[in-house]
Amino acid sequence: DAKTTQPTSMDCAEGRAANLPCNHSTISGNEYVYWYRQIHSQGPQYIIHGLKNNETNEMASLIITEDRKSSTLILPHATLRDTAVYYCIVRAGNTDKLIFGTGTRLQVFP
Amino acid sequence: DVKVTQSSRYLVKRTGEKVFLECVQDMDHENMFWYRQDPGLGLRLIYFSYDVKMKEKGDIPEGYSVSREKKERFSLILESASTNQTSMYLCASSFRGLNTGELFFGEGSRLTVL
Numbered sequence: 001d002a003k004t005t006q007p008t009s010m011d012c013a014e015g016r017a018a019n020l021p022c023n024h025s026t027i028s029g030n031e032y033v034y035w036y037r038q039i040h041s042q043g044p045q046y047i048i049h050g051l052k053n054n055e056t057n058e059m060a061s062l063i064i065t066e067d068r069k070s071s072t073l074i075l076p077h078a079t080l081r082d083t084a085v086y087y088c089i090v091r092a093g094n095t096d097k098l099i100f101g102t103g104t105r106l107q108v109f110p
Numbered sequence: 001d002v003k004v005t006q007s008s009r010y011l012v013k014r015t016g017e018k019v020f021l022e023c024v025q026d027m028d029h030e031n032m033f034w035y036r037q038d039p040g041l042g043l044r045l046i047y048f049s050y051d052v053k054m055k056e057k058g059d060i061p062e063g064y065s066v067s068r069e070k071k072e073r074f075s076l077i078l079e080s081a082s083t084n085q086t087s088m089y090l091c092a093s094s095f096r097g098l099n100t101g102e103l104f105f106g107e108g109s110r111l112t113v114l
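Protein sequence lines correspond, in order, to chains L and F. Counted the way my numbering counts, the first sequence spans residues 1 to 110. Counted the way my numbering counts, the second sequence spans residues 1 to 114.
Hints are computed from structural coordinates only; laboratory data are not their basis. One should not assume that every hint holds.
Okay, the calculated beta carbon distance ranges per label pair [stated by the list, open to error]: (1) F:Glu30 x L:Asn53: 22 to 28 Å; (2) F:Leu114 x L:Thr56: 45 to 51 Å; (3) F:Glu17 x L:Ile63: 45 to 51 Å; (4) F:Lys70 x L:Ser41: 39 to 45 Å.
Just so it is clear, CB atoms sit at the ideal spot from N, CA and C, and this is done for glycine as well.
Work out the full structure, taking the sequences as your base and the hints as a guide.
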């Protein structure tokens, strides 16, 4: 299974874009990149996923490098409610298992 | 709305007791998962089930077993609870072929083993 590496923590000012990086240098060609977040005391929540192309939805944008060895989750206008732990995950090659890591703790400050 | 319900939010058990954690989902999902979450270690997969009576071990299955007799229900069993199994346990479900990308999680069960 491809592993991911994320910074332990990041800060972001409210209203600014939050850019959360993730390295997945051993990713295989058919493996998707997923992002989840976990707000304190709640279960993780799905944000976005992608394979090769950049993706955007109402919550965030996902930028995947051309070689697919890294990606960035972008929250375009961070709010205090975006304070959470963000998990970058690569799906296990031939199953539906999702293996979470330790994530990035994003703190949005006023 | 998809609902994943875990039977107990908080449990306190004694070492050696048998513990059942129950999870029910109402979206006809094929896949169900049990994770545990500990400070500094993130979420770790214990077991995964992709169909009734089918299961796969996750990263940390030792000391746990699971049961999936009905599609909507996935039970995590601690045959003989130990203090190192004190943790937050999270259940999740999804459709098979995870290209939709979305796992739905329950609110968690915090287990304390004394």
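Structure-based check of each hint:
no.	hint	in the structure
1	F:Glu30 x L:Asn53: 22 to 28 Å	27 Å, holds
2	F:Leu114 x L:Thr56: 45 to 51 Å	48 Å, holds
3	F:Glu17 x L:Ile63: 45 to 51 Å	49 Å, holds
4	F:Lys70 x L:Ser41: 39 to 45 Å	29 Å, violated
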